[in-house]
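Asks: For reference, the chains in residue letters:
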Amino acid sequence: MIRTMSNSEINVKILRFSREIGKEPYYQTYRVPLNERMSVSNILQFINERYDGGLAFYQSCRCGLCKGCVVMVNGKSVLSCTKIVTGDIVVEPRDRKKVIKDLVGY
Amino acid sequence: MNTIYDTDVLIIGSEGAGTRAAIAAAKQGASVLIVTKGRIGKSGATLMAAADISVDGASIFDVLGLSVGNSKDSPQIFLEDILRAGKFINNLPLAEKIVEAAPIRVKEMMAWGMKIRGVMQCPGHRYPRGVSTTGREIVRVLNKQLRSVDLTVKEYTFVIDLLTTGNSVIGAIGLDLRTGEFAVFRARAVILATGGGSMLYPIQTGAVELTGDGYAMALRAGARLVDFEMIQFMPLCLIGPLPYRGSYFPFSLVAESVDSLDGWLLNRRGERFMRRWDPELLEKTTRDKLSAAIGYEVKHGRGTPNGGIYLSLAHLPRNILDDFANRTLKLHLKKNWRFEGFDFSFIRDILSRGEALEVGPACHFFVGGIDVDLDCQTSLPGLFAAGEVVGGLHGANRLSGNACMEILVAGEMAGRKAAEYAKQANGSVVDQSQIDEIVTEAQAPLERKGSHTTFMVKKKIQERAWGKVGPIRDGQELEGALASLKELTHEHHQSGLTCKDRVYNPEWIQVLQNRNLLILLEAIIQCALAREESRGVHYRIDWPQQIEKWRCNLVVELTASGLEIYPRNPIE
Numbered sequence: 008m009i010r011t012m013s014n015s016e017i018n019v020k021i022l023r024f025s026r027e028i029g030k031e032p033y034y035q036t037y038r039v040p041l042n043e044r045m046s047v048s049n050i051l052q053f054i055n056e057r058y059d060g061g062l063a064f065y066q067s068c069r070c071g072l073c074k075g076c077v078v079m080v081n082g083k084s085v086l087s088c089t090k091i092v093t094g095d096i097v098v099e100p101r102d103r104k105k106v107i108k109d110l111v112g113y
Numbered sequence: 109m110n111t112i113y114d115t116d117v118l119i120i121g122s123e124g125a126g127t128r129a130a131i132a133a134a135k136q137g138a139s140v141l142i143v144t145k146g147r148i149g150k151s152g153a154t155l156m157a158a159a160d161i162s163v164d165g166a167s168i169f170d171v172l173g174l175s176v177g178n179s180k181d182s183p184q185i186f187l188e189d190i191l192r193a194g195k196f197i198n199n200l201p202l203a204e205k206i207v208e209a210a211p212i213r214v215k216e217m218m219a220w221g222m223k224i225r226g227v228m229q230c231p232g233h234r235y236p237r238g239v240s241t242t243g244r245e246i247v248r249v250l251n252k253q254l255r256s257v258d259l260t261v262k263e264y265t266f267v268i269d270l271l272t273t274g275n276s277v278i279g280a281i282g283l284d285l286r287t288g289e290f291a292v293f294r295a296r297a298v299i300l301a302t303g304g305g306s307m308l309y310p311i312q313t314g315a316v317e318l319t320g321d322g323y324a325m326a327l328r329a330g331a332r333l334v335d336f337e338m339i340q341f342m343p344l345c346l347i348g349p350l351p352y353r354g355s356y357f358p359f360s361l362v363a364e365s366v367d368s369l370d371g372w373l374l375n376r377r378g379e380r381f382m383r384r385w386d387p388e389l390l391e392k393t394t395r396d397k398l399s400a401a402i403g404y405e406v407k408h409g410r411g412t413p414n415g416g417i418y419l420s421l422a423h424l425p426r427n428i429l430d431d432f433a434n435r436t437l438k439l440h441l442k443k444n445w446r447f448e449g450f451d452f453s454f455i456r457d458i459l460s461r462g463e464a465l466e467v468g469p470a471c472h473f474f475v476g477g478i479d480v481d482l483d484c485q486t487s488l489p490g491l492f493a494a495g496e497v498v499g500g501l502h503g504a505n506r507l508s509g510n511a512c513m514e515i516l517v518a519g520e521m522a523g524r525k526a527a528e529y530a531k532q533a534n535g536s537v538v539d540q541s542q543i544d545e546i547v548t549e550a551q552a553p554l555e556r557k558g559s560h561t562t563f564m565v566k567k568k569i570q571e572r573a574w575g576k577v578g579p580i581r582d583g584q585e586l587e588g589a590l591a592s593l594k595e596l597t598h599e600h601h602q603s604g605l606t607c608k609d610r611v612y613n614p615e616w617i618q619v620l621q622n623r624n625l626l627i628l629l630e631a632i633i634q635c636a637l638a639r640e641e642s643r644g645v646h647y648r649i650d651w652p653q654q655i656e657k658w659r660c661n662l663v664v665e666l667t668a669s670g671l672e673i674y675p676r677n678p679i680e
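Top line first, the protein sequences correspond to chains A and B. Using this note's numbering, read the first sequence as starting at 8 and increasing by one per residue. Using this note's numbering, read the second sequence as starting at 109 and increasing by one per residue.
Just to be clear, a hint being listed does not mean it is correct.
Some chain A residues judged to face chain B by a derived CB distance under 10 Å, without partners named [said to hold, decoys possible]:
no.: 1; residue: Y37
no.: 2; residue: N49
no.: 3; residue: A63
no.: 4; residue: C70
no.: 5; residue: G71
no.: 6; residue: R103
no.: 7; residue: I107
I should point out that these hints are in silico values taken from the structure, not numbers from a laboratory. Just so we're clear, the structure is a prediction, and the values are computed from it rather than from any experiment. Using N, Cα and C, we set each Cβ at its ideal position, and we do this for glycine too.
Using the sequences and the hints, build the whole thing.
Replies: Structure representation (C-alpha cells):
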C-alpha cells in the first residue's frame, strides 16, 4: 500500500532489566529491517518474535487508546503503538524505578 | 509454596463486564478480588468500543429523559430486532432480561457521570437506540465507581485454570507475571469476564489480551459453550501498513451509518462485486454479507496483492471527502484526520489522488460463548460469566450497541448473583493434587528445548483460523482442518522457550495462550462443520442457504474423549 521508504536497517537500542536476574540495567542493540512503515510496537514485536523471545513490553489496544504502552524513545515519552519509526532509536522504560522487566512497568 | 488468596467473589477480567460485576458484588457486602493479565483501565475490549449502548427508544425518552427518544419503539420491538439479527437462535429469556434492565443500567452510568453525545440509529435497529459515548468514557466512569467500593485488584496475573470440587467451581490458579510464581485463588464464587478471542485470527479490531482464556478454562472445568461457530468480522478494515492493521477507519468512512460516503468495493479486475451479493444495497449491506463477499473474492484469487480488496472513492469529486470529514465524521475524527490515536491524513491523500485503499475483514466479536442461565450462572455451580465471553443474547449475529449494553447489564447481574451465591456457599477445601497438576503442565514448556518457538505456533494457529474458519467456510476444508489439528497440537506440545525467565516472559505467556487458542480453534471448526447451512455470521460456501431444521443452538462440551458438539432447541 505505502512503500515510500527504501530498504534499510536501523539500530534499535533497548534498555534491558530483569529483577529476576539481578543484573544492573544494560543496553542491547538490535538491527531491524525497516522496509515498510512500522511503529515502535511493531519493531518491539519483530525483535520479540525473531531475535529475542524474552524481551518484555506492554501492548493492548494498538491504536493509541489504552495508553498502556508508554515508553521513552530517544528521551521522549511516546505511545509505542502510534509512534512511527523513521531511523535509529533508543527505547527505555517510562520510569526506571518501576520496572518489572525490560519495558514493562508497574 | 504458592501464595494463597481468599475471597468471596473472584472476578477474572478487569474491564467493562468485570468492573461492573465487581461494583455489584461489593455492594452486596462480598469481598471481591479482580485479577487481570493486563492492567486495569489499560487493556481489554471495552476501551476500544465505538461506543453506543443500546436502549429501546421509549425508555430513552421515559427513563433516560432524553428528548431524542421515540415512544413508538418499545422493549418488545427492540427484542424483535435482536431476534431478527440473531436469526432466531438467541436465548430469548436472557435477551428479554437484558433489554429490560438496559435503561436502568445506562441511567445509572449517567448518574455516575458518563457523558453522552447523542443517540444514533445503527443498521438493524428500527429506531435510534445507540446512546453514544466512548469506550474510554465507560471505563473512566466504571473505574471511578470502583474506587468508591472496597475491593482488591491484582494486575499482571494470568489465570490459567479454574479449581473445582465435584462440578462446583471453588477458585482458580494464576501465574503472577511480576514474580513468575503461581497464585492460588480460593473463592466462593468465580465470574469470568475475560472477553472474546479475536486474537485467534491474524487481523483483529480488538486488544491483544483477547485470547479466549475464559472459554478454554470454562470448557476444561466442564462448562458448556453455545454457537461457537458464530464469529463476527468487521468488513472494511485496513490490512496494512502494519501499525494500522485492523483499524476500522475505512468502515467508518463508507459503511458505519446511513450518512456514510458512497464507497465502491472492487476486486482485482475492477469489478464492483457487491452487485453479485446484494444488488440493491451493494456496499451498504450488512457486515456479515460484506465480510463473506470479500472473503469469497480473496479466496477465488480476485483479491489485492496483500490479500484484501480495493475500496475506491475515485468516482466522487475530491471536495466531498473533506466536506464529509468536517461534518459527518466529526464525532470520530479529530482535526487533521486524526482517528483514535492515528494520523490518517495519508489515507486522505491516497483517496484524494483517486487511488484505492486495500481493506479486508478483521475479527471483531465472538457472538457465541459460554452458556448461562438467567442469573448469568454457567452449568457449573459457583461459576458465573458476563460480557463477550457469554453466548446466547446475540444468537447468530450481534447488533451494534448490544455488546456495551450486555457488559453493563449482565455484568451487574453476574456480580449481584455471584455475591448472593457466595453468601450461602460453604468454603471448600482445594485439592492440592489438582493444583500440582495444573502447575506441572504450565511449567513444562520452561524445561523443554523446543524445535520451534511459541510465536511460530501462534502464527500457524492464526493462519489456520483465517483460512478455514474466517468469514467463509467450506465443509471439505473444515474436515481437512480438523484432521490436521493433531499436527498443530503436536507442534504446540513440542514448542519450547528460548528464554527461561519466569518473570514476565512473553514466550511463556504465549505458550499458555496457545493452549487456549487451540481449544478455541477446534471448537469453532467442529461447530462450523456441524452447522450445514449459512446463518447470521456463519457462511458455508457449500451450504449458502439458511435451513429451518438448523434453527437450533450448537452446544460444545469437553469430555474425556474430546470436544462433543450437539444441537439443542433455542431457549424460548
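Asks: Just pull the numbers of the violated hints for me, sorted ascending.
Replies: 1, 6
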